[in-house]
Each structure stands twice: as C-alpha cells, then as structure tokens.
Amino acid sequence: MKQRLITLGVFLAVVGLGGILVVVLGLAPVQASSGHWPITKWFLEFSMSRSIATYSTGIKVPELDRPELVLKGAGHYETGCSPCHGSPTLRHPRVAANMLPQPPYLPEEVHHWDPAELFLITKHGIMLAGMPAFPSLKRDDEVWALVAFLQEYQEMEKEDYQKLVFGNTWNASQEGDALQEKLSDGTPLVVIQACIRCHGLQGEGRGQGAFPKLAGQNAEYLSRSLEAYINGDRHSGIMEPIAARLDVATIKMISDYYAGLELHTEESNDKQKALLESIERGKVIATEGLPNEEIPSCADCHGPGEVDISPKYPRLAGQYREYLVLQLELFHDRNRGGAEAAELMHEVADQLTESHREDVAAYYASLKRDDEGASSSGE
Amino acid sequence: MFRFHAFSTSSLHGFCPRSARTGRWGRNALWFTCLLTISFLITGCEGIQSALNPAGRDAALIAQLYWWMVGGAVIIWLIVVGLAVYALQINATEHDYNVTRFWVIGGGAVAPTIILTVLLVYGLSMMPTLLEPAPEGSQTITVIGKQWWWKVRYHLPEGQAVELANEIRLPVDEPVQFYLESADVIHSFWIPSLGGKVDMLPGRQTRLTLHPQRTGIYRGVCAEYCGGSHAKMSFEVVVMERDAFDTWLEQQQAPAKSASNELAERGESVFLAHGCGACHTIRGTKANGKIAPDLTHYGSRLRLAASALPQTRDALKEWIAHPKQTKPGVHMPSFALLSEDDLTALAAYLEGLQ
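Read top to bottom, the protein sequences are chains A and B.
The opening residue of the first sequence carries number 13 in my numbering; numbering runs sequentially from there.
The opening residue of the second sequence carries number 1035 in my numbering; numbering runs sequentially from there.
Note that these hints are calculated values from the structure, not bench results.
It is possible that part of the hints are untrue.
Said to hold, decoys possible - With a straight-line cut-off of 30 Å between C-alpha atoms, the simulated BS3-like cross-links for lysine-lysine are:
no. : chain 1 : residue 1 : chain 2 : residue 2
1   : B       : Lys1324   : A       : Lys324
2   : A       : Lys150    : B       : Lys1358
3   : A       : Lys324    : B       : Lys1320
4   : B       : Lys1291   : A       : Lys324
5   : B       : Lys1324   : B       : Lys1266
6   : A       : Lys380    : B       : Lys1324
7   : A       : Lys324    : B       : Lys1358
8   : B       : Lys1320   : A       : Lys380
9   : B       : Lys1185   : B       : Lys1324
10  : B       : Lys1351   : A       : Lys324
With the rest of the complex left out, here is chain A:
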C-alpha cells in the first residue's frame, strides 16, 4: 500500500514538473494563427456556454420591442461592435477575421442566445475571447438597447440596417442629398463623422427620443458633458468611446456648432393631446415645485423664466420626453453622472417619483424653445 502511494506521488511530481517545464521553456503556443485542437475548441466553447447559462439566470428582461431601443442599439452596434462582428455593410471585417476565436457574424449566431444571455455577454464580455465588457457598467439601459437591436438584427436587410444606423445620412454618396450640402456649408468634419448619424443633420435628434436633441443647447453644457464622458464622470457606453477621441479644441468646435443651430421643435399634436393632463401636472412641478414634497421648481435652473440662467445647466424646452425621463431615472439611481452640475440634480431626483418624472418630462417636451424667455408660457 505504502509502496503504491510513493509510486503515485513520484508520478504526479514528474507530471507536474513536466508541465511547469513546458511553460517555463515557452513551448505552449499562444499564437492566434495556430488555432485550437478540435477537443480544446469544443471544451472552451462548452465551458463558455455553460458559464453564460448559469450566470444569466435571474436576469430580468425588460420590454424590448421598442423602436427607440432598437434605434439606439443600432447606433452603438455600428460604432462598437461592427469592427469585429461585421454588419450587413461590412460582411467580412478583415482585421478581426484572424482573431482566435474569430468573432462570429451575429445574424447567424444570435439565435443561440436568449435575451438574458445576450445581456450578460454584452455587459460583461467574455474572458480570453477578445470580447470586451461594455464601456460603462452603470448603463444597463444601453446594454438592453443593444439586445433589443440584436433581436431585430437576424432578418435585417442591408438597406434597413443602413437606414437604422445612418438615418437620413445613409445615402451619402448620392448627389444633391443633405449630407453633400452639409459638407459644403462649413459644418465641422468631425460633426459629420461623429455626431450627425445619431443626433441628426440639424441636431434635432432622430425621433423617438433615442438620442437627445443638441441644436441650440448651451455650448458650455455640451463641452462640459463631453469632457465628463472623457474623464469617466458621465457614464455612457455609447458616448464615452466617441468622446474619448476628441481633444479640447474639437470639443469646443462641436459645442459651438450645436449651440449655434436653431432647434425647430414640432411634437405631433396627437401625442400632446394624449399627454395634456400630464403636461399640466408637469408645468406645476416645473414652474412652482412641490414644496410639501421637498421638490424644488425646475424652471429656476432650466427655464422658462426671465432670468439669465447659467450656461452650465442644460436647456430642456423641446427635448424628447423619453430622453428626459431616462436622465431623471439615471440621476435617481446615481447612474448618470455628469459634469460638476450633475451633483445638484441628485437631491432633486431623489424626491421625484416615477409619475413626477413623466410629468415634468412631458411638460418640457411640449415647450417650444421660444417659450423659454416668457415667464408664463402661452398655454
């Protein structure tokens, strides 16, 4: 018995030392070009799918069949995902093609995963596979936007994809279209390259509240927000990678450009009528506050009113309702961040209930930019 144990011990020691020797001598290949043995490949993929299945248990899937989520997800897919996973406009990304493992072309793969699993993969990435975690771990809403997009992605034609991602700038090559005009009217090139695809040709957003309207926004608020994205003070997996590429001079150029645009607001009347009561309630909160509920008025910092308000604060009149509701939720959960002024919103957001948030957002969405100056908007 004792003899057997000794034999076993010696055997294990030799195997262990041998293993260490292989590593120390650098015999284990780490070249992506060398590929895996079939059994290694099977083992790695099996481990991955088991891990994802286990860790995605209990993730609550929100309503994903919402066009604004799909739109927002598509915008980020083009920036963040398509360089490796490709897209209908880029079927075979060449640089990523020789990665090990090779990033899958998602329309063919996405059906393997349920939404909770896609959320897990998108938010947390996959270790050793080259799949990074989402740039901001505070913005689950953005991760869900990507998942919502992926639900639609399987059956998407090239033209639909382009329309979704690029909006009215997608047929850039055609003569006489809006983009050509932009190129010749002095719009900064960086705006055309980085901003208009989501924020619109005139900074008017893309409808549905997926991306905020930037036209006529205070330049200082815009530049401080972009700097906050770069510093990691404002959280967004979508905006942080875009802002990271900008320098101080470019930020100023972009901010001044959008501040100089005029915001033409037209919310459809049907929508306003349905929200009439909500808008009225929101007006009371926004202009007078609810002192008994410790809610200050919004107007002292965001208008409307006759006072010149600090350009560090954003203008809200005519902004998308959905966007405003989302920002208030993010403030409430401390997930938005922002420049220094964001701190001021935390105390306020803590007091707002879900219906308060919807009401004030509906009120500001219903305002025209011209209403801002008047202390009592003409309603």
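With chain A held as given, fit chain B onto it using these hints.
Then chain B, alone, in the frame of chain A:
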C-alpha cells in the same frame, strides 16, 4: 455647559482617601483641589446654553426643582453612606427582630414613598404654570423643525406672518407663545436658558410658552436625535428690549434691499442664474423657493447654517461650495461648480441682506 475635563484631572485626586491622611499639607491639598473642582464646575454652568443659569421664568422654575432634587439627593446619600459606615463599625451580634424590620420596611419602602411623593407633588405643582398659554395679544411664533434647520414664522397682529429661519428674537419680560411642528421626523425644541424642551412631532402641533427675563444671546438646540446632522441643528435666541424688538421685526418684514455695490450685484445674478431661488426665498427678488431657509435678511443673522458655522465670508463660501462637509446628509447640494470669484460675489451679496 459642563466641562467634563474638570472631573478627569482634579476630582480624582480630591477623593483619594490617602491624601487626607498625610497630615496638614495633605489636608490643604485636598481642600484646594475641591475648591478648584467646584469653581470649574460652577464656571461650566454659565454660558449661552445652560439650564442652571436661567434667563427666563420657566427655566428658573426648572432650575429650582433641580436644586431641590440635588439637595435632597445629597442628604439621602449622606444618610445611606453614613449608615453603611456605621454598619461596618458595629459588632456583628444577633439583631433585634423589630428593629431590623423597622429599618427594612421604613428605610426601604416607607421613606422612599414619602420622599418621592413629595417630590412628585412639588414637581407636578409647577405644571399649570409651565403649561399656561400666553395671554391673548402676546407674540406668537410657529417653529417648524426640518432636517436640519428651523423654519420660524412670526405671526403679526393683522393676521399676517413673516417667515424667517434659524434665529429667534424675543421681547424681554413678555410671555411668548410658540407653536411647534415638524416637517419630517421628530425633533425637540429646547432653549435651556429660557425653559423646558418640547417635542416637535410630524402631523401634530405642540405648544410652549416662554417668559424671557434677561436680555442677551442664548442658544437653542434640537434635543431629540433626528438624523446624521442632529448635533448641527441649533439656533441663536436674542432676548431684546421691546423697542429694539419692534425695530427688528419691522426690518425683517421688509423685502430685501437691492445689491448696493458691483460685487453684490454680481452675487445677485450668480444667485439667480444658478437656481438658488428654486429652494430659497429672497423676498423682493425672483427667488421664491419654499424648501430651504428664507434668506431675505440673511446678513442680519448671528450665525450660519442653523448655527453650525460662524457668520464669516470664508465660512459662507465653504458652506455653499461644500455643505456636506459641515453637515453630512444635508439636502443643500454642493455648489463646487462656482468659481472662486462667483463664490466671493455670492457671499458678499448674501452678507449685504441686512
């Protein structure tokens, strides 16, 4: 305020029995230490927040009750300790049953019942006086406790009211009627120099009548734990002659004076541009917030931030930029985004609101 450090140094030596047995020098040292301790304790009872140095009728009654209790307690203590010492000295022989029973029942049940009954009757007899409402026509003040400051509403003869904050001024030798409320949690309103404490309860109104008898500056405090910055929730109380009080109240009713110099003008626009008016009111300007302290006559107040900070420009700037450093959990957000120049201008403007 009691100064507890006085106990820690001198009193330990004072009660050390060895020092009493070391002859004349030792006895002198004992007396000296005792005197020093007593003088420390007595000076500790002075000051703006002492229930033992009353400046009002009610505080005087309470102090009187306190001294009777202390006197009685000292006598009882001497008797008990005396008996204990006596018990150590006597020979342990068999005791007479009746004598033993007399001491156990008499000293253990009858005497305490009599003493406590006398004390209770004496204490309760003060209640009608302490609880009596102020006569019709007295100054009426509503005070609302909020985390962590005081909203003060002076009711005027014509049924109007003027809203102030964190400072109370009273006319001397006149009864004053307080109505006490709370906007959030339980607070307790206490001006030790003037009277007893009364709780402020959410959803209820409590009453307190005070009769200040000596002009001067005193301090009121919150006497019920009400959250993280409870200890930073105080206010100044100024008892004044009637004429001075009338002048002050009239001045407090007036809207704010407009900014008097360039710096203050800039401060006013900083105040309005950064949305301070969403929470604070400055009567006579567009600032009409109802959530935070009224600042119309901020500059006339003796201290800052519910008495947590002195009324200086540096303290005010520090408070505006980093209020949570002074009062953890305070609802006032940090205005660190203001430039140094803006902060100075803002402080200058607020100081000028006399």
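Hint check:
Between the alpha carbons of Lys1324 of chain B and Lys324 of chain A the distance comes to roughly 24 Å, so the proposed pair stays at or under 30 Å and holds. Straight-line distance between C-alpha atoms of Lys150 of chain A and Lys1358 of chain B comes to about 25 Å, which keeps the hinted pair within the 30 Å bound. Taking the CA atoms of Lys324 of chain A and Lys1320 of chain B, the gap is about 20 Å. The hint holds against a cut of 30 Å. Proposed proximity of Lys1291 of chain B and Lys324 of chain A is supported: the alpha carbons are some 28 Å apart, at most 30 Å.
Taken as a hint, the Lys1324 of chain B and Lys1266 of chain B pair is honoured in the structure, with Cα atoms around 21 Å apart against an allowance of 30 Å. With a CA separation close to 28 Å, the supplied pair Lys380 of chain A and Lys1324 of chain B stays within the 30 Å bound. A hinted pair counts as satisfied when its Cα atoms are at most 30 Å apart, and Lys324 of chain A with Lys1358 of chain B qualifies at roughly 22 Å. Among the hinted pairs, Lys1320 of chain B with Lys380 of chain A is consistent with the structure: their alpha-carbon atoms are about 23 Å apart, no more than 30 Å.
Pair hint Lys1185 of chain B plus Lys1324 of chain B holds up; C-alpha atoms about 10 Å apart against a cutoff of 30 Å. Between Lys1351 of chain B and Lys324 of chain A, the direct Cα distance comes to roughly 20 Å. Compliance with the 30 Å bound is thereby established for this hinted pair.
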